[in-house]
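Chemist: If you read the protein sequences in the order shown, they are chains A and B. Quick note: the first sequence, position 54, residue 54 per my numbering, numbers continuous. Quick note: the second sequence, position 114, residue 114 per my numbering, numbers continuous.
Wrong hints could be hidden among the right ones.
To be verified - Just so you have them, the derived chain A footprint on chain B, three or more residues with Cβ under 8 Å:
1) 45-54
2) 138-144
3) 147-159
Read the hints as simulated data drawn from the structure, not as lab findings. Glycine residues also receive a C-beta, built at the ideal position from the N, C-alpha and C atoms.
Take a look at the letters that make up each chain.
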Amino acid sequence: MTGSGPILMLDDVSKHFGGLAVIENLSFSVRRGTCTGLIGPNGAGKTTVFNLITGVYPIDEGRILIDDVDIAQIPSRRRIHHGVARNFQNIRLMPHLSAMENVLIGQHCRNSGFFGVLQPVNLIPGNRWREEARAALSDAGLGQYERATVGSLPYGLQKRIELVRALMAEPRLLLLDEPAAGLNPAETGALRDRITTICRDRGITLLVVEHDMQFVGALCSEVIVLNFGRKIAEGTPEKVREDALVREAYLGTDATEQPHAS
Amino acid sequence: MSGYAEGILVLLAINVVYAYAAYLPIAAGQLNLGVAGFAAIGGYFSAYLSTNIAMSPLLAIPLGGAAAGLIGLAVAVPVLRTRGIYLALATFALGEIVRASILNLEFVGGAAGYPVTAYIRLLTVALFALGVTVLVWLLFATRFGVAITAVHDDERVADLMGLNVRAFQVAAFTIGSALAGIGGGLYAHHFSYIEAQYFSISLSISIVLFVLFGGTQSVVGPLLGAAVFTLLPEVLRGSAQWRYVLFAAILIVVMVVRPQGLVTGAQIRRLLGMRSEAKERTA
Numbered sequence: 001m002t003g004s005g006p007i008l009m010l011d012d013v014s015k016h017f018g019g020l021a022v023i024e025n026l027s028f029s030v031r032r033g034t035c036t037g038l039i040g041p042n043g044a045g046k047t048t049v050f051n052l053i054t055g056v057y058p059i060d061e062g063r064i065l066i067d068d069v070d071i072a073q074i075p076s077r078r079r080i081h082h083g084v085a086r087n088f089q090n091i092r093l094m095p096h097l098s099a100m101e102n103v104l105i106g107q108h109c110r111n112s113g114f115f116g117v118l119q120p121v122n123l124i125p126g127n128r129w130r131e132e133a134r135a136a137l138s139d140a141g142l143g144q145y146e147r148a149t150v151g152s153l154p155y156g157l158q159k160r161i162e163l164v165r166a167l168m169a170e171p172r173l174l175l176l177d178e179p180a181a182g183l184n185p186a187e188t189g190a191l192r193d194r195i196t197t198i199c200r201d202r203g204i205t206l207l208v209v210e211h212d213m214q215f216v217g218a219l220c221s222e223v224i225v226l227n228f229g230r231k232i233a234e235g236t237p238e239k240v241r242e243d244a245l246v247r248e249a250y251l252g253t254d255a256t257e258q259p260h261a262s
Numbered sequence: 001m002s003g004y005a006e007g008i009l010v011l012l013a014i015n016v017v018y019a020y021a022a023y024l025p026i027a028a029g030q031l032n033l034g035v036a037g038f039a040a041i042g043g044y045f046s047a048y049l050s051t052n053i054a055m056s057p058l059l060a061i062p063l064g065g066a067a068a069g070l071i072g073l074a075v076a077v078p079v080l081r082t083r084g085i086y087l088a089l090a091t092f093a094l095g096e097i098v099r100a101s102i103l104n105l106e107f108v109g110g111a112a113g114y115p116v117t118a119y120i121r122l123l124t125v126a127l128f129a130l131g132v133t134v135l136v137w138l139l140f141a142t143r144f145g146v147a148i149t150a151v152h153d154d155e156r157v158a159d160l161m162g163l164n165v166r167a168f169q170v171a172a173f174t175i176g177s178a179l180a181g182i183g184g185g186l187y188a189h190h191f192s193y194i195e196a197q198y199f200s201i202s203l204s205i206s207i208v209l210f211v212l213f214g215g216t217q218s219v220v221g222p223l224l225g226a227a228v229f230t231l232l233p234e235v236l237r238g239s240a241q242w243r244y245v246l247f248a249a250i251l252i253v254v255m256v257v258r259p260q261g262l263v264t265g266a267q268i269r270r271l272l273g274m275r276s277e278a279k280e281r282t283a
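Full structure from sequences and hints, please.
Modeler: Here's what the structure looks like:
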C-alpha cells in the first residue's frame, strides 16, 4: 500500500518496563521516501522505538501506523509483511548459517507458503531464490563470502551481510540501528553512499539510529531527537544541532553555555 | 554374510533412523529426551497392525511412524512451551509415560513383551534407513532446513524475519517423532519381539548422544555419530571386558577435543566449496 501521507506514524506511544517509563507519549512521523535520523544520548530510547515498531516489545499505549494501518497489535513476525525490515545494533546474524543462507532467510517473508518452505534453495543449481541472493551478495561486494559461515567473518563484513539480509525482504521502510558503529571513516563513507543509492533506487524510506552526527547530517534530511524516552526536538540536522534542549541533552547544562563546545 | 555382521548392520541402520529422529528437534534448538517413547509408539503400533490384522510390515512400519508423528504433533504444542532443561525433563517424562502405559497394556503383552510374527530382513531395514536419510537430506536442502537452523540460532530474529518459529519447532518435533516411530517399527519387525524395557531413557540418551557426537550442525553428523556408536564397540571387541571402558574413554576424549561434534556445517560447506571450485576448473 502506498500513498502520499507518512509511511510511519507513532501516535502517543508509551512503554514502561515495570515502573520505569522508557518511552513516554512519543509521537512522530516519517515521510515517504525520506531518510530520517533518530538520535539522542545513550539510554534515550532509540533502540526501544525500533523494538516497538517491529514488535519485539508490545506498546502500553498509543498507535503505530504503517501506511495508515495500525500494526501495534499485529504479531511481530507479521510486521515484516507490512514492509518493515531492520538490522540490529549488535549484529544478529545466524552464526551457524553461511552468508548465502542468512540472505535466504531475508527472503522468507516473500516465499513463506507451504511450497515456498519446500523450495530446494540448497539443492538445485540456478534456483531462482538462490540466484537472487547470490546477486545481492555480489552487488554488495560479498560474493566471495557466499559459503563462509558468518560466525567466522569479521565484524565489518557481518554488518554488510546483515544489511543485505534486511534488503532481501524488499522493505518499504528500513530501520537501521547504528549502521556505522565500529566502521572506519572510509567504510562509513562507502556505507553512506551505498545506503543513499539503494534507498533512492528502490524507493525505500529510511529511519536511522546513529551516534555519528556527520553520518546523520550527510544522510538524513530530517532528525528526531529523543531524551529519556521523550521527543525533545525535530527538524533538519542543522536546526536540531542548534537546539538548546538538544545541546543540553548531549553536553549538559554547563556546556550549553559555551557556544563552540560542540 | 554372517549372522553377526547382519545383526550389526541392522542395528546401524536402525540407529541411523533414530539419530535423524533426534536430529530434527535438536537442529531446531530442542532437546527431545523422549525419542524412545515415540519409537515405542511406532514399534508397538506397527507390530499390532502386522500381527493382529496381518498388514504388510512395509505398510505397517510407515503407519507406525505416522501414529508416532500424530502423537508427537499433539504433545508438541503444550510441551514446546517449555525450554532448555525443562523441555528435556518434559520430553523425558513423556517417554516414561509411554513406557509405563505399554507395561499396563495387556493386549500388546504388557510387561511380558509382544511377539511380532512378521519379519523384515537386513535389506528392508537398510532401504528404510536409506529412505529416511535421503528424506532428511532433501528436507535440509530446502528453505525448511535453513529456517530450522535460523530458529535454532536466534528465535527472536527469525521471528522478526517473518518465520513462524513455533510452527517450525512443532514441525521439527513432529517429523522427528515420526522417524522415531519408523525406527521402532524396524526394530520390532526385525527382532520379532519388543518389550517396554527396551524403550527406556537410556535408549533416548544414547540416541541424543549419536547426534551430539556426530555434530548438530549438518545432516552428516547424525549419520556419522550413529555409525561410530554402533561400530566402535564392535571394533573394540578384542579388548574383551575393557571395551566399554575404552569406548567411553574415546568418547570423552573426542568430546573434549571436538565439543561441536565430529563434523560442523562450516566443514561441510568448505568441502562442497572445494568440490564446486574443482568442477569449475575442469569445466
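Chemist: Next step is simple, just say for each hint if it's right about the structure.
Modeler: Hints, one by one, checked against the model:
no.: 1; hint: 45-54; result: violated (count 0)
no.: 2; hint: 138-144; result: holds (count 6)
no.: 3; hint: 147-159; result: holds (count 10)
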